[in-house]
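Undergrad: Here the protein sequences come in this chain order: Z and G. Each residue of the first sequence is one higher than the last, beginning at 1 in my numbering. Each residue of the second sequence is one higher than the last, beginning at 1 in my numbering.
By construction, these hints were calculated from the structure, which means they are not laboratory data. Cβ atoms here follow ideal geometry from the backbone N, Cα and C, with glycine treated the same way. A couple of the hints might just be wrong.
[To be verified] Not everything, but these chain G residues come out facing chain Z in the computed CB check (under 10 Å):
(1) SER85
(2) LEU543
(3) ALA598
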Amino acid sequence: MNLQSDDFDLFGLSRSYAQDRAAVDTAWKALQRQAHPDKFAAEGAAAQRLAMQWSVRINEAYQRLKDPIRRAAYLCELAGFPIAAHHNTAMPAAFLVRQMEWHEALDAADSADAIDALALEVRAQLTEMLAECAQLLDVAHDYPGAVQAVRALMFVDKFGQDVMARQHALDA
Amino acid sequence: MALLQISEPGQSPNPHGRRIAVGIDLGTTHSLVAAVRNGVPECLPDDQGRVILPSVVRYLDAQRRQIGFDALAQQSNDPGNTIASVKRLMGRGLADVAHAARLPYALVDAPGMVRVRTIAGEKTPVEVSAEILATLRFRAEDSFADDIFGAVITVPAYFDDAQRQATKDAAQLAGLNVLRLINEPTAAALAYGLDNAAEGVYAVYDLGGGTFDISILRLSAGVFEVLATGGDSALGGDDYDRALADWVLQESAVDADSPQDRAALMAAARECKEALSEHEIAPLELQLDAGRIDLSVNRAQFEAATAVLTARTLQAVRATLRDAGLAKAEIQGVVLVGGSTRMPQVRQSVAAYFGREPLVNVNPDEVVAIGAALQANQLAGNNPMGEMLLLDVIPLSLGVETMGGLVERIVPRNQTIPTAMAQDFTTYQDGQTALALHVVQGERDLVADCRSLARFTLRGIPPMAAGAARIRVTFTVDADGLLNVAAREQGSGVEAQIDVKPSYGLSDQQIAQMLQDSFSTAQTDMRARALVEARVDADRLVLATRSALTADADLLAAGERATIEAAIAALQASAAGDDAAAVEAASKALAQATESFAAQRMNRGIARALSGKNIATL
Chain Z
1 MNLQSDDFDL FGLSRSYAQD RAAVDTAWKA LQRQAHPDKF AAEGAAAQRL AMQWSVRINE
61 AYQRLKDPIR RAAYLCELAG FPIAAHHNTA MPAAFLVRQM EWHEALDAAD SADAIDALAL
121 EVRAQLTEML AECAQLLDVA HDYPGAVQAV RALMFVDKFG QDVMARQHAL DA
Chain G
1 MALLQISEPG QSPNPHGRRI AVGIDLGTTH SLVAAVRNGV PECLPDDQGR VILPSVVRYL
61 DAQRRQIGFD ALAQQSNDPG NTIASVKRLM GRGLADVAHA ARLPYALVDA PGMVRVRTIA
121 GEKTPVEVSA EILATLRFRA EDSFADDIFG AVITVPAYFD DAQRQATKDA AQLAGLNVLR
181 LINEPTAAAL AYGLDNAAEG VYAVYDLGGG TFDISILRLS AGVFEVLATG GDSALGGDDY
241 DRALADWVLQ ESAVDADSPQ DRAALMAAAR ECKEALSEHE IAPLELQLDA GRIDLSVNRA
301 QFEAATAVLT ARTLQAVRAT LRDAGLAKAE IQGVVLVGGS TRMPQVRQSV AAYFGREPLV
361 NVNPDEVVAI GAALQANQLA GNNPMGEMLL LDVIPLSLGV ETMGGLVERI VPRNQTIPTA
421 MAQDFTTYQD GQTALALHVV QGERDLVADC RSLARFTLRG IPPMAAGAAR IRVTFTVDAD
481 GLLNVAAREQ GSGVEAQIDV KPSYGLSDQQ IAQMLQDSFS TAQTDMRARA LVEARVDADR
541 LVLATRSALT ADADLLAAGE RATIEAAIAA LQASAAGDDA AAVEAASKAL AQATESFAAQ
601 RMNRGIARAL SGKNIATL
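Same shape as in the complex, but just chain Z (with noise of 0.2 Å):
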């Protein structure tokens, strides 16, 4: 074990995408409790600059694991097939078209129940691709798929993200 260690090694988790959200949970507290500074406070600074090192690598560890894209988004540059989603933004014709259609309805969006009806619409189609990654990289071990599947979830992912802004600034 050390800090180069990967995430799943880690956290003692058997690398694949399907986790209980529990045991990943209960790994990071296990760990946060050796290696968090809080637990070298009265020691030196060599001590303190250590635990945090451990401490941030843990924590990056977590919420990789924890977040179901970022956590196939690993497995699959684990593999071999990085996603690189600067350079590679080639989506098909039909997603792209219902993601502006997305787009157009947020923008029409007019009231806090509109938004909240597209918040659950998009959850809902994040919930279908992400079984659909799930049997891309632990059944099929399929790879290259995964890498496209994991690439319009972060599109859908962001439109969430923007979504949710807009939630924000209604309650503001």
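Following the hints, put chain G in place on chain Z, whose structure we already have.
TA: Relative to chain Z, chain G alone:
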């Protein structure tokens, strides 16, 4: 001064020795200090038995000052030199301060942070806060007749980096060793959760004198995990006073123009507000230069005058629940913290929003200091079997300015700290050898709408074609919630790094200078202080090393152990002398000698955490 105990190698120095660590709630209207004594956390009283210290500092002349109740009593007589609610100025420029023109004292714009003009000269908010902190430090030292090992200072969860840094600077200026800055609602949850053996998801609604926080936490088996936090660092009881004062002026058609009148009116409004928490109706009577005010105010009038403020807090609650991804019904309990939650309309609004009665079985004034004391005790190592762990988050997103005045977010809000996140940038001109970075904090897309934290430049990039350089910018947020930014060109290895201080905080030189022209600590000889501090640090390091050796000596080869023992002996020998620099050098040498031992211990701890979990799940 604590005597350093010298003992033979292998023999534990002062085995039952407790290090005195305090928790300090540095509040807008009042401050408290608490400590764990005989296993019980309690607020420490002054010599008249009062635990509360009004956060008010009055400068009488260049040398003398009054702090606390004495200063508060003179507020209306000497408003220009009596600084109240200084917390609202921490880490702020003049343009950021709401109602600056209506404050009874004069603000001066200055690079970095606003200053207050007093009879003793221009004072930074950091200096004024340090007076309050030093008073509490002396109170704690008197209570224990001993030096203080360290302190946990609380800050509003919604404080940004500049406000946190200013608070830490003030503590340093007051001669306190800051063990940690922790968030006020988290401290309250700690005190409440440990007291009530609570498990589940809780909301802490903390409305203080000048700040509002809402934090959503999950409590389980001693872990206090913050799921999301939100609030308003410029909304509190002061604003209720001001709204009531405005209403009173309108009702009575009287003006309050002089600083004396303004201070007197605010004090009367505050008194009336507090009375209305107990009674349905309260008098507000006061003689101003422009005329006499003789009103009786009922609750309905007060509530109407302040409804917009209460509504603002509930907006923040709604947004924070959304960030946590939780519905109201999933909240197991709502804990009220802060003196301003005594107002009936606040309690009723919170109860109505959550559909449940809030928990009020904690003293809203003391709970934050108590929680800080519990954490301080654990951090000082007095509670080695302690099962408590705080996992807090960063309240506001951090990013850098990109082309067109837009913000590129690097660390999103509500990330668990400590955290480090990086983003790659490139050059946009051929042969570009420098890259300017502007670090900002906030949720808005435009740089102009966010708080500017720092600017720095990465220089010495080898000339390359536009877009060829790969500059990795890393944001590191430590367990205090403080930011450090580093930039590195990946090809050449050129680096630049800053602690985010210059634009809103104070530089180390400024702090050193202030310590030189010290105020409350003026009587203390600086050299003697440095020696005491070096010895306390040495003591701490020797104790920590000894306990590490006891636990994990088997990780060391005989030669390594001898090297460490020699470094301990050298440190103890130099600590017996009176050369602070020599003690520091010996401390550094011991830290170096134990570096690889510490790394091996950490690896063992991690492996143990994993094997423990595996056994549990088998």
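Undergrad: With reference to the structure, classify each hint as holding or not holding.
TA: Here's how the hints hold up against the structure:
1. SER85: 25 Å, violated
2. LEU543: 8 Å, holds
3. ALA598: 5 Å, holds
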